[in-house]
Structures are given as C-alpha cells and as structure tokens.
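Given these sequences and hints, build the entire structure.
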Amino acid sequence: MESQSPPKKNEDEATSITKPNDIPGSSKRSTKSPPKQCCPCDETLNPEVEKRWIWIKDKNQYLCSKCGAIPPVRSHTPTGNDSLPQSALNSSQLANLTDEDEDIEYDKNEFTEREADSSKITGSPQFKASPQVKKDVSHKNSNLWVYFGIPLVIVIVAIGAYYAIGAWYGSNSLKQTGSSCENFLQLRSKYPKMDDGLWSTLIVGVNRSLNQDPGEPATFIFLYNSSSVGEMLLDDVTRIAIDCFGSKGAIWRTSNDFKSTEIAEDYGNVLDRHREELKSQGILVVRDLDQVPPTAAKIFFTICDTYEPLVHKAMIFFTIDISRQPEQVVEQDRSATSIAEDILKGLWRKELQPNTLNPLVVRLTENVFRID
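Sequential numbering from 1 applies to the sequence shown in full-length UniProt numbering.
Accuracy of the hints is not assured; some may be wrong.
What the hints assert, rightly or not - Cβ-Cβ distance ranges computed for the label pairs, FRET-style:
1) E182 with S335: 24 to 34 angstroms
2) I154 with D288: 57 to 67 angstroms
3) N355 with V329: 17 to 27 angstroms
4) I154 with M232: 50 to 60 angstroms
5) E265 with P192: 46 to 56 angstroms
6) I154 with T261: 56 to 66 angstroms
7) T261 with D235: 24 to 34 angstroms
8) P192 with R334: 13 to 23 angstroms
Quick caveat, the hints were computed from the structure, so don't treat them as lab data.
The beta carbon of each residue, even a glycine, is placed where N, CA and C say it ideally should be.
As structure tokens, this is what we get:
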C-alpha cells in the first residue's frame, strides 16, 4: 500500500485568502518604479499576484504572507502598503513616507499656497496691484488731468481775475466820482432855498451813469423865475458834473439850435452829430426847453431814453423859464414835476400824438427841481 503524500497546496490558493482590495481603505498603487525590498522574501514575491500583508488577529498586527515578517521601519513604504489601514502603521512609519508621497504632499502644499495667492487677488482687500498696473492707472489719471483739469483751472482763474479787476475798477471809479461829486453838497449853503434832495439826486445820477454797466443817462429839468439865480446854479452844477465825468467841458445848446429845417426834415443826422459830441463830453445843457419846437423835441426821445439811449454815460440838463407861464400853472403848492408836465404837454400836444408825447414827457421829467 503506497503511502500518499498530502497534496500540495497551490501557492495561488495559499495566497488567495484575501486580496489587497478586500482590506479596508485599499487602492491599487502606481507601479511606475520597481518595488523596493522590505523583507527577505521580496525577491520571490510577485506583488501583482500574491498578497503582501495579512492581518493576524492573535498577534493583532500585519505579517508578511510569505515569510511572516513584521513590517519593518523603512525610508519607504513596502509595495502594497496602501492596502494597510492607518491603524496598522505606527508613528515611526507615518513619519517615514515614501518619496512619492512626499512629492504628493509638496504638491498639495504648493497648490494650497497658490490657492491662497489667488484668493488675495480676487477677494482680499489687501490686494496689491503690480507696478505696471499702478503705472497704467497713473498714466490715465495724468491724461485726464491734462485734458480736463488744467483747462478748468485756467477758466476759473480767468473768471476770478475778470471779476476781481471789475470790482477794483468799479470801486476805484466810485471813489473818484464820489470825491468829486461830494462838491455838490457844498452848494447847500450857497442855495439854501433849494430842495435839499437835489444834491443827493445829482450824486446818484452821476454814479448811475458812470458806474453801472451799461450806464444810464441822468436827466434834470430846472424851473426858474429869476434868470440870474437860475443861470448861476446851472453853471455851478454843470461845473461839478464836468469834474465828476473828467470831461473837458459841456455841450451848451439853446432853443434856437433846434429850430433849423434840418431837424424838422431829418433829425437822424443831428442825432449822429450829438452822439459823437456827447460821447466825448458827457454833459449836455439845453436852455429854454419850453421854446424847442415839437418836431425837434422828438430828438430828446432817444437822447434821454434810459434803456436804449443815444449815449449811456451822460448827463442832460434842461431849463424852463416859468415866468412866462400863467400863475395857475406855476402855483407854489404844486410839485415841480406836475408843473413841467403841464407846460410841455400844453406846448406840444397839437403836433405830437399821445403815443409819442406821453413817453417823451415821462423821460424828460425824471428829475425836476424848482429854483426860487
């Protein structure tokens, strides 16, 4: 009877107890580089077919399935170590990762740093622009300043200079005319019976004519009984007005100068001549306004207009001898303005239409004073 030897176990069956993927947390490891030796049986063990580590419950640890060796501490993890759970590795094994794992860890750290840098650029308030970006922004801002800022500053400076010069010139003119026009007040003592408002009205008239832009011609009518007193006052007022205007003299006219046929036919030429003279002299004196013919009186419609006058900076003085008027017209209790209106309307009513006569009289009687 032949003895039978026990059948040999197939190495494949012996090593097929469990597969690496059956161990929790197992995964196939890349085999880019040949496995390094971790125990005496590494040279005969086929890592792609045979299981590397087996969990032994009695010893409560993993052993090599070929030689029973305990996983040694190496500078690298033996092939198949990925199939080991983390609890099977001691602290020294965890500290000694493979070169490939170290590379993976380094890549993770580098990726984390890049991610942190990316968050700084996209969301962090501590974002710092590159020098080139700062240079571009600065260049754009400088262009905006050149195109818009500098012209705006020039315009503002020009406007400020214009008003500053105008204010200085205006105040200087007021001082000059004021010092000269104060001489009107000195006439109070010489003509005590005159309306005291005449002197201040003369000063206001000069200032409105000279210091407003455009100026307004100031018109005055003097009613007088005594030719000597009237002539004297007219001479004094005209002299001071000439000083206020800084003029060389006044234009003197009588009623006879307005009785020519030229004025009756076309007073435009006469206006042109008076315009040039009045611009140069600034002062016009017309004696005996009540003796001027109605057709020639229309010339004063333009000369005395306050809105569109012949000359803006001018003063016009008229005289009316009320001694030639009826007593009821020149009664003492009547105002000087109403007396002048009645005299002029009564003289010119027949030849001038109301739409011409009334505005003309209003312009002429702006300031009327009686000399007694």
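Any of the earlier hints contradicted here, and which numbers? Hint check: nothing fails, all pass.
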